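Colleague: Residues per chain, in single letters:
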Amino acid sequence: MAEPGASREGPGSSVIHDIGYRTYDGPRRDDRSIGWSLYLTGLAHAYGFGRSAKAKALPLSMLALSLVPAVIIVAIMVVAGFGGNFVDYSTYSGSTFVLIVVFTAGQSPVLFTRDLRSGAIVLYLARPLSPTWFAVVRWASLVSAIFIFTVIPVLALYAGALAAEADVSEQSADLLQAVAGLVVLAAVLATVSGLVSAFTLRRGLAVGAVIVALLVSNGFVSAVKTLAAAQGNDLLGQWVGLFSPFTLVDGLNAGLLDGTPFYPLSPDTPWMTAVYAATVTVVLVAGLWLLVRRYHQQGTR
Amino acid sequence: MAVIETEALTKRYGDLEALVDLTVQVSTGVTGLVGANGAGKSTLLKILLGLLQPTSGSAAVLGHDIRRDGSSIRAVVGYMPEHDCLPPDVRAIDFIVHMGRVSGLPPAAARERAADVLRHVGLAEERYRLMGAYSTGMKQRAKLAQALVHDPRLVLLDEPTNGLDPEAREDMIALVARIGRDFGIPVLVTSHLLGELERVSDHVIVLDGGRLLRSQRTTELTQDTGVLLVEVLGSALEQRRVGEALAAAGLPCRPRQQLIEIDLRSTARGAAPHDVIRDTACDLGVGLVRLQPEHGRIQDVFQPEGRSGG
Chain X
1 MAEPGASREG PGSSVIHDIG YRTYDGPRRD DRSIGWSLYL TGLAHAYGFG RSAKAKALPL
61 SMLALSLVPA VIIVAIMVVA GFGGNFVDYS TYSGSTFVLI VVFTAGQSPV LFTRDLRSGA
121 IVLYLARPLS PTWFAVVRWA SLVSAIFIFT VIPVLALYAG ALAAEADVSE QSADLLQAVA
181 GLVVLAAVLA TVSGLVSAFT LRRGLAVGAV IVALLVSNGF VSAVKTLAAA QGNDLLGQWV
241 GLFSPFTLVD GLNAGLLDGT PFYPLSPDTP WMTAVYAATV TVVLVAGLWL LVRRYHQQGT
301 R
Chain Z
302 MAVIETEALT KRYGDLEALV DLTVQVSTGV TGLVGANGAG KSTLLKILLG LLQPTSGSAA
362 VLGHDIRRDG SSIRAVVGYM PEHDCLPPDV RAIDFIVHMG RVSGLPPAAA RERAADVLRH
422 VGLAEERYRL MGAYSTGMKQ RAKLAQALVH DPRLVLLDEP TNGLDPEARE DMIALVARIG
482 RDFGIPVLVT SHLLGELERV SDHVIVLDGG RLLRSQRTTE LTQDTGVLLV EVLGSALEQR
542 RVGEALAAAG LPCRPRQQLI EIDLRSTARG AAPHDVIRDT ACDLGVGLVR LQPEHGRIQD
602 VFQPEGRSGG
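Chains X and Z supply the protein sequences, listed in that same order.
Using my numbering, the first residue of the first sequence is number 1, and each one after it goes up by one.
Using my numbering, the first residue of the second sequence is number 302, and each one after it goes up by one.
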């Protein structure tokens, strides 16, 4: 009979050696590198990567849906030989705004509710990064996730326009202007939805609250705008535009960057444009301040 | 060498005193921080991590001041919180790698160390599963792994045995002992179960209502108390007869439930109490069941003087 130990070392088998605890004496990264790592993981988590299979379903299907109109437009452009005037980059986000709302509502709790709900926030705050930086990095991940979601269809349109032999310099200028608008839109949406999520401890409630905040405000504002336009009350239409992230950024985009407005009655005077710009600034600064404060409170509980 | 030093550390929440004038030192090895719920254990850990500012007093962790150097402390200290803190929709391996990265490890080192520490805590097989499907015991192990992944110079473990069944509790206690002895990482571990830490901790700090009750080596707490316990065969009547005979023979004794308690500290020098007990039992024709020296327990610290044990 073979000895008990012998069979373990027979051909085709291997032995696991317990090499004991190994210390780490290599370099340790600084806050900037730690923040970058946290940012990338947050961005990946917003699209479900690095999480369960189920978590990828919503963000990726929303992204695919938002690409459908772009793909159809590109196909028509290429097949029918339409030039570049057929597409308008800065209004695309307006036509797919419901998908953007669903994506934002579904994914902002991933970055702002999940840590608080699961208690993982305690582990993050026991790490070198300060609560302030943690809040800012989480916010940056969400801004990037929303920006990527909105810019991919626009890039597809741009590629299609170039394939249809549209004027490159003209298209590129339009694209840059639209991208600038999308950055602002992503920042405002991330701030509003991040705030709602960070103060809602249940994911389902957070999703609902963000949808209500974005969809209802937009429905109300665009209805008032349409009424105001019909009655010729331009001033009302312009002021009410401040109360929904979509009309706010659309108005700023039209007034400041000379983009094509998606909603009627965008600001047409420098003074009104300044009011729009100031509102965007206040929303971003106040929102980030509240988020930072929220995470500071978590550390001292 | 002291890894933690506090000086008159005080934390108040309004009128509530969570920590009062705490001056204590923690050195290498395993240190148990014991006290009832609400004794100030978790508050102390959060202050040591630089997450909570003390109302007054000072403290240094690994030579870093807690008020100024919180970030440096948190880079080299591992912390395992008491409550749930694991995202359910992430695999253990991914989460531990991520926690290594946010502690400052480069990517390759984080991956290597995550696999290492998961093996050490006994999650080698289960590391690719989502943590939401883990049992309480596995969650506690994953929480311990994230506290070790960045090779800390000190670990603070807050109630690591909370919610575990007796077997998992034993495993966790053994793991804590391994960290302190085999891994060579100083450990400060809290528990509200006082007896639990007796076996693993080299030193015990006892808090009561935020105040320091005792800080001494575990062996000093658990050494012989100088009391000998005697159990005899038979009913309470036999016990009384033996007790009275022993008292008559000059041994200070009193009944303690089914046992006779003999205080050897007050017996005369040169007396041989064990011989006296044997001869007394023999004379009375009563069977001796056991003669047992009583050891101290951490719980006894909370008992008023002169009423030790149960």
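Calculated directly from the structure, the hints in this document are not laboratory data.
Note that the structure is predicted; figures quoted are calculated from it, not measured.
Take the hints with a grain of salt, since some may be wrong.
Chain X regions said to be covered by chain Z (calculated; three or more residues, Cβ under 8 Å) [what the hints assert, rightly or not]: (1) 30-41; (2) 172-182.
For each label pair, taking beta carbons as the anchor points, the in silico distance ranges come out as [as the list claims (entries may be wrong)]: (3) Z:R313 to X:L201: 54 to 64 Å; (4) Z:Q593 to X:Q297: 36 to 46 Å; (5) X:R202 to Z:P467: 30 to 40 Å; (6) X:Q297 to Z:Q524: 27 to 37 Å; (7) X:A223 to Z:R313: 51 to 61 Å.
Ideal Cβ positions, reconstructed from N, Cα and C, are used throughout, including at glycine.
Colleague: Look at each hint and say if it fits the structure.
Modeller: Do the hints match the structure? See the list:
no.	hint	result
1	30-41	holds (count 7)
2	172-182	violated (count 0)
3	Z:R313 to X:L201: 54 to 64 Å	violated, 28 Å
4	Z:Q593 to X:Q297: 36 to 46 Å	violated, 54 Å
5	X:R202 to Z:P467: 30 to 40 Å	holds, 34 Å
6	X:Q297 to Z:Q524: 27 to 37 Å	violated, 46 Å
7	X:A223 to Z:R313: 51 to 61 Å	holds, 54 Å
Hints 2, 3, 4 and 6 from the list above are not met by this structure, while the remaining hints are.
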